[in-house]
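S.K.: Protein chains in written order, with the working numbering: chain A, 6 to 347; chain B, 6 to 347; chain C, 6 to 347; chain D, 6 to 347.
Each hint should be verified, as a subset may be incorrect.
Since copy identity is lost for identical chains, a pair holds within one copy or between any two.
Derived SDA-like pairs: lysine to any residue, alpha-carbon spacing no greater than 20 angstroms straight-line [unchecked claim]:
| hint | residue 1 | residue 2 |
| --- | --- | --- |
| 1 | Lys255 | Glu173 |
| 2 | Lys116 | Gly304 |
| 3 | Lys116 | Asp259 |
| 4 | Lys109 | Ala41 |
| 5 | Lys116 | Gly303 |
| 6 | Lys255 | Thr338 |
Treat the hints as calculated values from the structure; they're not laboratory data. On a predicted model such as this, the values are computed, not experimentally measured, just so you know.
There are 4 protein chains.
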Amino acid sequence: MLKIGIVGGTGYTGVELLRLLAGHPQAELRVITSRADAGTKVSQMFPSLRGYVDLAFTHPDEAHLEQCDVVFFATPNGIAMQQTRALLDAGVRVIDLAADFRIKDISVWEKWYGMTHACPDLVAEAVYGLPEVNREQIKKARLVANPGCYPTAAQLGFIPLLEAGIVEEGSLIADCKSGVSGAGRKAEVHTLFSEATDNFKAYGVAGHRHLPEIRQGLANVIGKPVGLTFVPHLTPMIRGIHATLYGRLKKDADLQALFEQRYANEPFVDVLPAGSMPETRTVRGANLCRIAVHRPQGGDTVVVLSVIDNLVKGAAGQAVQNMNIMFGLPEATGLNVVPLLP
Amino acid sequence: MLKIGIVGGTGYTGVELLRLLAGHPQAELRVITSRADAGTKVSQMFPSLRGYVDLAFTHPDEAHLEQCDVVFFATPNGIAMQQTRALLDAGVRVIDLAADFRIKDISVWEKWYGMTHACPDLVAEAVYGLPEVNREQIKKARLVANPGCYPTAAQLGFIPLLEAGIVEEGSLIADCKSGVSGAGRKAEVHTLFSEATDNFKAYGVAGHRHLPEIRQGLANVIGKPVGLTFVPHLTPMIRGIHATLYGRLKKDADLQALFEQRYANEPFVDVLPAGSMPETRTVRGANLCRIAVHRPQGGDTVVVLSVIDNLVKGAAGQAVQNMNIMFGLPEATGLNVVPLLP
Amino acid sequence: MLKIGIVGGTGYTGVELLRLLAGHPQAELRVITSRADAGTKVSQMFPSLRGYVDLAFTHPDEAHLEQCDVVFFATPNGIAMQQTRALLDAGVRVIDLAADFRIKDISVWEKWYGMTHACPDLVAEAVYGLPEVNREQIKKARLVANPGCYPTAAQLGFIPLLEAGIVEEGSLIADCKSGVSGAGRKAEVHTLFSEATDNFKAYGVAGHRHLPEIRQGLANVIGKPVGLTFVPHLTPMIRGIHATLYGRLKKDADLQALFEQRYANEPFVDVLPAGSMPETRTVRGANLCRIAVHRPQGGDTVVVLSVIDNLVKGAAGQAVQNMNIMFGLPEATGLNVVPLLP
Amino acid sequence: MLKIGIVGGTGYTGVELLRLLAGHPQAELRVITSRADAGTKVSQMFPSLRGYVDLAFTHPDEAHLEQCDVVFFATPNGIAMQQTRALLDAGVRVIDLAADFRIKDISVWEKWYGMTHACPDLVAEAVYGLPEVNREQIKKARLVANPGCYPTAAQLGFIPLLEAGIVEEGSLIADCKSGVSGAGRKAEVHTLFSEATDNFKAYGVAGHRHLPEIRQGLANVIGKPVGLTFVPHLTPMIRGIHATLYGRLKKDADLQALFEQRYANEPFVDVLPAGSMPETRTVRGANLCRIAVHRPQGGDTVVVLSVIDNLVKGAAGQAVQNMNIMFGLPEATGLNVVPLLP
């Protein structure tokens with residue numbers, strides 16, 4: 006049994022981690038911290054967990070996280086980088102669901118996140134936790150930077166095209182749509198029910214923090230920079246990301262075969278039959294990315310449709326997948342949740 | 006391993022059965038029938054099941070249901086009563102998720118359902134599958150009439166009050182609200198997205214088929230008829246029933262203790278702490294009824310709030326619970342799905 | 006042209022007032038105040054009003070409200086009572102959309118609202134602005150207390166029954182369901198999209214501030230106290246209240262005729278044909294209450310279904326209706342907005 | 006007063022026409038036809054119109070449409086082309102909200118719509134009713150082809166760029182998202198509430214009927230063919246289209262000024278300030294297109310965000326606008342409906 010700690014479990018990625026770990030046969034949830042809610046039972050804040058999670062929130066000062074095998078940070082950006090070194094020094098492995106360790110270029114990170122980084126050397130050590138790209142390194146990692154939700158959906162869609170060298174790298178477009186839970190559980194006017202329902206809008210068109218993360222990931226694949234236009238949108242659903250990805254073909258290829266072969270051995274990437282259009286609800290609650298590839302009207306524009314549940318394959322589920330890999334467990338342990346439809 | 010057949014698996018209770026059985030360690034799904042969709046892969050109709058269910062729909066004539074241990078009917082009313090006798094004769098146990106065997110008084114059933122009943126003797130034999138009331142009989146049953154969704158939520162809320170004899174039996178009120186999936190997967194105008202979204206309405210005020218079912222269940226508890234006003238409403242959510250139940254108190258009682266004691270040993274009924282107000286999302290996807298009891302302003306009206314997922318504890322989950330009981334399996338086998346929140 | 010001021014126009018009742026007044030041919034919107042957003046253009050906060058409202062928010066200290074003919078308070082409770090006397094003294098008429106002047110019994114008000122009242126004498130003067138009851142007094146009023154949303158829906162449904170003396174006054178039940186906009190535009194966790202969507206819950210069962218308001222209104226109708234159980238619920242839609250009202254009949258009556266006669270001359274109350282079930286969307290955006298009355302199964306329980314748009318007939322629309330009455334305009338001026346369906 | 010007939014008013018564009026015409030001071034609604042619902046009161050099918058529209062549906066054979074000044078077709082494709090010639094011959098002007106007269110190349114139309122066209126000569130005569138392009142021709146038209154919803158949003162966004170000659174014409178991308186009402190009021194499984202809620206999907210990626218319409222409109226602007234990839238998506242809201250449009254810049258330009266100048270005199274196109282991101286709800290119920298133009302990260306990709314209400318500027322509102330133009334009325338007559346927010 007893995008002894009598990011969670012830092013900051015009062016947001017949506019936190020409660021999702023709890024849901025998944027409550028059903029994980031090798032996970033023993035030892036401690037979950039919250040400064041503001043110390044003493045409160047987890048199941049009081051999230052009554053869905055009554056009967057499944059018996060813990061109360063612990064004050065960070067009394068958490069003894071160093072006694073855990075692995076600690077998840079489900080915190081705002083800038084927290085994990087303050088606490089990770091001590092944990093690593095104590096032999097604890099760390100998975101950060103925030104962005105502290107995702108961007109290798111510290112100056113880029115500091116520009117987009119508006120803070121000075123506390124531990125650039127750990128950024129260098131951290132492994133970007135996209136198993137479909139970095140599985141071998143994740144196995145040995147002490148510190149995993151769990152990918153963002155948009156970056157997961159976008160990278161999994163673009164990677165086969167870039168690896169095969171068949172699209173222009175300089176003019177990629179990622180038109181992405183996210184459910185509202187991606188904005189977190191913080192009380193803000195623009196994510197109120199009465200603001201976000203029956204509405205659709207773009208946001209962050211001038212620049213979104215996931216842009217450099219996607220660019221970095223794609224550049225790593227081909228060993229040179231990519232040009233990417235990334236437009237995120239807010240859509241009135243709770244969970245789900247739908248990435249519609251556009252690239253200009255440089256040469257011909259059997260796109261369907263390309264995608265099927267790339268992900269043939271991936272347990273959590275499902276390439277749909279030719280002509281399919283994936284729906285976000287078909288991955289609701291599950292650690293899955295479903296993908297389809299199209300070439301409309303036989304033109305030179307390839308269109309990839311990639312869907313995930315932003316809280317699962319885009320956050321907590323991928324974190325558990327990374328944990329399984331890091332500790333040598335079967336990769337799907339605790340992740341065999343059938344999507345909830347309807 | 007139980008060999009399982011499903012008749013009519015193209016509606017919401019059918020796909021929900023498939024979701025739950027796909028995760029049930031003792032269930033071997035042998036056959037699922039559909040006249041219209043024979044040959045189609047289940048996962049083509051419900052892509053959420055890709056990777057979990059490999060079956061195709063089988064034409065009823067080729068289904069060999071008599072080789073199953075148990076057959077679930079997830080069909081419109083009036084189908085199960087045509088096929089049940091042959092299955093029972095072949096030694097197959099039957100769980101009907103429709104209403105064919107729920108009402109003991111054949112004339113009442115025929116009036117509300119507008120058909121002649123095909124096998125009144127089997128109605129007499131059938132056990133009403135509300136485990137919290139009939140667990141012992143379910144163990145021995147060949148044929149279980151799985152309760153309706155509203156009746157499950159309403160009965161579980163009223164039963165402690167009636168058993169204790171503290172409410173007037175003649176003036177019960179059940180003001181119930183259901184998500185739209187309760188109306189099924191049939192294409193109809195009034196359940197279109199653009200009709201049901203951002204809207205709230207009552208329906209069936211003059212009389213709804215679940216009225217005689219609830220009345221029968223409550224009358225059985227106290228051995229005499231009850232007076233009940235039942236008003237169902239359609240609310241713009243996919244899953245969930247919220248029953249707000251009103252009764253006039255005849256004498257004083259510790260209502261909280263009453264409910265806690267009644268359901269102390271029930272694995273799927275959760276009595277919330279005093280003062281709580283259950284939310285339907287806290288049971289989303291799970292075989293749970295969460296209940297709270299209130300006495301507003303200390304008056305003589307008791308208010309019970311009872312929530313279920315209409316497709317789980319109100320249909321497919323309760324059916325699996327009944328199957329577990331019938332076959333001597335631990336009652337929660339395959340039903341430990343943590344609710345999906347948010 | 007009426008010179009109009011609005012205090013506190015950054016919430017939902019405020020923007021709704023702006024929407025309606027923008028189309029009102031006799032209204033000249035002079036000033037709208039906001040301490041926090043002074044200087045911001047109204048249409049920047051509410052881009053729906055671009056092209057319709059050109060004003061910017063004014064700091065309260067520079068608003069010169071005393072130059073208006075009428076001032077609307079669309080503020081939190083406790084604000085209007087601080088400023089009303091000065092306005093009345095300056096000859097300005099006041100319509101308060103909050104609760105400061107609704108409850109005649111000051112001690113009751115202070116208990117439910119948790120404040121000391123600043124001007125009990127003005128409470129005595131204020132007219133409760135339900136035109137279907139108090140039209141004549143509204144005509145002469147300097148100060149109108151605009152009713153709450155639940156109280157509007159509930160009172161309009163109960164009044165015909167109580168006036169006719171055909172229901173027991175001691176055991177009324179109001180099971181009410183509200184859209185989320187009723188909770189206002191303040192950032193709070195429980196009204197976030199991801200919390201309120203695909204969910205249904207009761208709240209305030211132990212006691213809600215609209216309970217004494219409804220009780221007062223109904224008691225005034227019959228000249229003696231009423232017994233009322235009021236259970237509000239939150240339903241995942243933006244706008245709309247659906248009140249399901251229950252009473253026990255003391256004697257027989259032609260319920261349909263009773264309601265039709267009571268509201269025969271009311272421009273904003275629509276009694277539906279017998280057997281109807283009103284949908285909230287049929288009043289979306291309009292100053293209408295649609296009502297149906299039922300007697301299920303011919304029993305002794307009468308069920309009234311009453312729907313309004315909580316922001317219109319339940320708030321801003323009724324306020325404009327009151328303004329029209331106060332200033333001798335045709336009552337429907339500016340209120341002929343056709344409901345938006347779908 | 007214009008005498009108005011509507012053919013086929015039982016769908017969403019029909020009821021929307023009724024809503025708008027009910028508030029149009031120069032419109033006298035004479036007849037509305039429906040074969041299936043002849044004799045039914047319009048307000049029985051659409052209770053939102055109780056008190057606003059008193060007509061009943063008339064059987065087509067008894068409609069005497071030839072006595073109208075103008076007839077709107079709110080019918081499925083293929084109906085208007087059967088009846089238009091007789092109406093024109095009788096001196097009636099016709100506005101078709103379906104697609105029968107939109108595509109000038111008959112072979113293209115027949116390929117995409119799967120029918121033989123009944124009157125190619127009238128297609129040649131018909132004016133494409135996008136006032137921002139064809140206002141002068143609309144004034145004199147006997148027959149107007151009212152544009153599709155996606156084509157309206159996409160063309161208004163692309164036109165300034167193409168007219169200015171600053172984007173590559175061969176690689177345009179229109180990533181469009183539509184509310185569910187765009188699919189109409191026909192009962193179909195995929196638009197059921199329980200299917201479309203909390204879900205997002207692309208559809209018609211291989212080819213959608215609005216693709217040739219957009220291509221034709223854009224080609225007309227520049228006098229040569231354009232290359233366009235068009236991907237429509239279904240988003241869980243009732244009303245609204247959000248078009249996210251991408252083009253590759255060929256030369257520098259002041260994009261903001263370009264758009265502002267192009268639409269300076271357009272009453273129903275609102276160019277938002279630089280940096281804005283339009284929300285669909287800001288046009289809900291109104292005949293408006295709000296547009297913003299961006300150049301993310303200063304790169305060579307221009308991104309235009311264009312929103313409309315698909316039932317208003319994308320259908321019925323634009324039809325009324327065309328009627329106003331055809332009959333010399335002020336263009337905004339009856340169209341000053343303030344958007345409904347929230």
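S.K.: If a hint holds in the structure, say so; if it doesn't, say that too.
M.R.: Status of each hint after checking the structure:
For the homomeric pair Lys255 and Glu173, the shortest alpha-carbon distances inside one copy (6 angstroms) and between copies (17 angstroms) are both at most 20 angstroms. For a Cα distance limit of 20 angstroms, the shortest separation of Lys116 from Gly304 across copies, 18 angstroms, qualifies, whereas the shortest one inside one copy, 38 angstroms, does not. Neither within a single protomer nor between protomers do Lys116 and Asp259 lie at most 20 angstroms apart by alpha-carbon distance, with minima of 40 angstroms and 27 angstroms respectively. In this homomeric assembly, Lys109 and Ala41 never come within 20 angstroms of each other (Cα to Cα): the closest approach is 32 angstroms inside a single copy and 41 angstroms across copies.
Only between protomers do Lys116 and Gly303 lie at most 20 angstroms apart by alpha-carbon distance; the minimum there is 17 angstroms, versus 41 angstroms within a single protomer. Neither within a single protomer nor between protomers do Lys255 and Thr338 lie at most 20 angstroms apart by alpha-carbon distance, with minima of 40 angstroms and 52 angstroms respectively.
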